[in-house]
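Here the protein sequences line up with chains A and B, keeping their order. Heads up: take any position in the first sequence, counting from 1, add 22, and you land on our numbering. Heads up: take any position in the second sequence, counting from 1, add 22, and you land on our numbering.
For the record, the hints were derived by calculation from the structure and aren't laboratory data.
Repeated chains share a single entry, so a pair holds when one copy, or any two copies, can fit it.
Only pairs whose alpha carbons sit at most 27 Å apart, straight line, appear in this in silico BS3-like list of lysine-lysine:
no., residue 1, residue 2
1, 239, 269
2, 255, 322
3, 206, 96
4, 91, 206
5, 301, 269
6, 169, 206
7, 169, 255
8, 294, 255
9, 97, 206
10, 192, 301
11, 294, 239
12, 91, 209
13, 322, 301
Number of protein chains: 2
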Amino acid sequence: MKLAVDAMGGDFAPQSVVEGVERARNDDNTIQFTLYGDEKRIREFLNDDTNIAIVHTDEEIDGNDEPVKAIRSKKNASMVLAAQSVKDGENDAIFSCGNTGALLAAGLFVIGRIKGISRPGLMATLPVMSNDGTVNLLDAGANAESKPEHLHQYAVLGNYYAKNVRHIEKPKIGLLNNGSEPHKGNKVTQEAYQLLLNDPEINFVGNIESNDLLSGKADIIVSDGFTGNAVLKSVEGTALGMFSLLKNAIMSGGLRAKIGALLLKPSLKQLKNKMDSPKYGGAVLLGVKAPVVKAHGSSKAESIYYTIKQTNDMVNANMVPNIVDYFEKETDKTQN
Amino acid sequence: MKLAVDAMGGDFAPQSVVEGVERARNDDNTIQFTLYGDEKRIREFLNDDTNIAIVHTDEEIDGNDEPVKAIRSKKNASMVLAAQSVKDGENDAIFSCGNTGALLAAGLFVIGRIKGISRPGLMATLPVMSNDGTVNLLDAGANAESKPEHLHQYAVLGNYYAKNVRHIEKPKIGLLNNGSEPHKGNKVTQEAYQLLLNDPEINFVGNIESNDLLSGKADIIVSDGFTGNAVLKSVEGTALGMFSLLKNAIMSGGLRAKIGALLLKPSLKQLKNKMDSPKYGGAVLLGVKAPVVKAHGSSKAESIYYTIKQTNDMVNANMVPNIVDYFEKETDKTQN
Numbered sequence: 023m024k025l026a027v028d029a030m031g032g033d034f035a036p037q038s039v040v041e042g043v044e045r046a047r048n049d050d051n052t053i054q055f056t057l058y059g060d061e062k063r064i065r066e067f068l069n070d071d072t073n074i075a076i077v078h079t080d081e082e083i084d085g086n087d088e089p090v091k092a093i094r095s096k097k098n099a100s101m102v103l104a105a106q107s108v109k110d111g112e113n114d115a116i117f118s119c120g121n122t123g124a125l126l127a128a129g130l131f132v133i134g135r136i137k138g139i140s141r142p143g144l145m146a147t148l149p150v151m152s153n154d155g156t157v158n159l160l161d162a163g164a165n166a167e168s169k170p171e172h173l174h175q176y177a178v179l180g181n182y183y184a185k186n187v188r189h190i191e192k193p194k195i196g197l198l199n200n201g202s203e204p205h206k207g208n209k210v211t212q213e214a215y216q217l218l219l220n221d222p223e224i225n226f227v228g229n230i231e232s233n234d235l236l237s238g239k240a241d242i243i244v245s246d247g248f249t250g251n252a253v254l255k256s257v258e259g260t261a262l263g264m265f266s267l268l269k270n271a272i273m274s275g276g277l278r279a280k281i282g283a284l285l286l287k288p289s290l291k292q293l294k295n296k297m298d299s300p301k302y303g304g305a306v307l308l309g310v311k312a313p314v315v316k317a318h319g320s321s322k323a324e325s326i327y328y329t330i331k332q333t334n335d336m337v338n339a340n341m342v343p344n345i346v347d348y349f350e351k352e353t354d355k356t357q358n
Numbered sequence: 023m024k025l026a027v028d029a030m031g032g033d034f035a036p037q038s039v040v041e042g043v044e045r046a047r048n049d050d051n052t053i054q055f056t057l058y059g060d061e062k063r064i065r066e067f068l069n070d071d072t073n074i075a076i077v078h079t080d081e082e083i084d085g086n087d088e089p090v091k092a093i094r095s096k097k098n099a100s101m102v103l104a105a106q107s108v109k110d111g112e113n114d115a116i117f118s119c120g121n122t123g124a125l126l127a128a129g130l131f132v133i134g135r136i137k138g139i140s141r142p143g144l145m146a147t148l149p150v151m152s153n154d155g156t157v158n159l160l161d162a163g164a165n166a167e168s169k170p171e172h173l174h175q176y177a178v179l180g181n182y183y184a185k186n187v188r189h190i191e192k193p194k195i196g197l198l199n200n201g202s203e204p205h206k207g208n209k210v211t212q213e214a215y216q217l218l219l220n221d222p223e224i225n226f227v228g229n230i231e232s233n234d235l236l237s238g239k240a241d242i243i244v245s246d247g248f249t250g251n252a253v254l255k256s257v258e259g260t261a262l263g264m265f266s267l268l269k270n271a272i273m274s275g276g277l278r279a280k281i282g283a284l285l286l287k288p289s290l291k292q293l294k295n296k297m298d299s300p301k302y303g304g305a306v307l308l309g310v311k312a313p314v315v316k317a318h319g320s321s322k323a324e325s326i327y328y329t330i331k332q333t334n335d336m337v338n339a340n341m342v343p344n345i346v347d348y349f350e351k352e353t354d355k356t357q358n
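Next comes chain A alone, as it looks inside the complex:
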């Protein structure tokens, strides 16, 4: 894989980005990295530039930039240059920890949609509570409005990801809804239900309520982007809030609680790691002409390393070309 890396995105850039990249490079010498960003600052943290090229730029997109405007006006920003290199065929995929909206805009407007896909969707990875598995949720927020056919396309995209990258033979696809019965939902989910049910290539397992989001009933859960974003953030908020409550309860619980916490440390760490493992990788914009991968703004080297591995898996599994083929055939069917 040839990977375009926005070295300047994220809270700990470029240090954590460089460290994650070096770890991935040391692991797999088939990956060619190009880091876009401030060369001097990148070299401060770079030990060895084997397989790592640097394209210098002073411009950056930050968290406060208005996404679409930033992509159009900051032509030399590290993220835009990285996306342009993918568009030009110099690189196979783009990785960034920067402004999510701007990265989505770069994916849509610089790299571009796959023909036949009306709305690319952002896919997040979440833990399954009852086993070691994970569940993918899409659209996790790329689109504020969704039609039933978009939800069906998310299912097709997620199906390719689960088959090609997660190596699940018959991925279970669920529909996020407000009840488990087939007739439940709003107009969008009711119609999407029928589209999913009638697609023989999809192993549709029915409606999933959001209290079952993490229960492992499905490998891929499709949702409109507004609701997907809302449930993703409420899972995050609840988990963080509970950790912080527990910490306060321990702090105010005297010596007894502190000793208890010390003894329970490995169990608590296990729980924390389950909820927020660096191994889950990043969020992926599916439906564009190359993998566009976003790691959390607060990512440290370890999550960056795993997110690069995830990106490498997508490229090596030919996921995007497979998706392109599928939608070309679909378009042909419709035209004939």
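Add chain B to chain A, keeping to what the hints say.
Leaving out everything else, chain B in the frame of chain A:
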């Protein structure tokens, strides 16, 4: 208050219902209870029938009944008789732990909407993580589709609840959205934002993302019912999942973890109580002509007791008459 109680709804009915009712009666002799249900089974658990009347019926609505159909066909079900008594002015409010959909249908079709309100909304109470407060979310799922004006009405309804029942002078009203900036959202939230902003009677604090649902930024958060239902269930699912993960981590952590858990028991109990306190009361259907209050199906006597207190507070605070007045004036304004 004269309270109509569906004695047969919920997993532990009628026992827990009777116990909760007796506790509330012992606490406040101004409440007159009428229990609808199987008299013989109710009397098995009833110690003293002071202020408690029983209207016997053999018919019940269960969790598998299709809500609207059940309300229309099971005319003698405990829930329907209880709702009818409120409609007929014999009682001031209805309480049930039974089938949520059926209770909503009973509220809408038996008790009826307040004039001027197009869509009554279901209001849930959730904990605030950082202090002892709570936050109300509505619509938590009474309606699968919502228009901007419905969200505005939820804000008006929530505002009355917070002022009259929670005694908050200027309740902070937030809008559940996919970003904090004013322009964020889908068409519904973007338009609702403007309606809330332009209502001088509402202390609108702007958009709330669902990771801030429990952070105390607002006293009342309004949402379309589909998303509100989804975030409510994802908070519940995440909290339950984390408790169960922690339990497993302790169980598999050997003696060390077990001793740690024993020492930490009060802190863990504090956390559990925070996430699911019986004191939070029940979900309330706001916008109908009387308080329609639903406690969780798994409620024990204690939550039933607190939910009855909450209902009593609504009745004594004249919440519904205040709402009726407001919407009558609004209707007059529109007509003049």
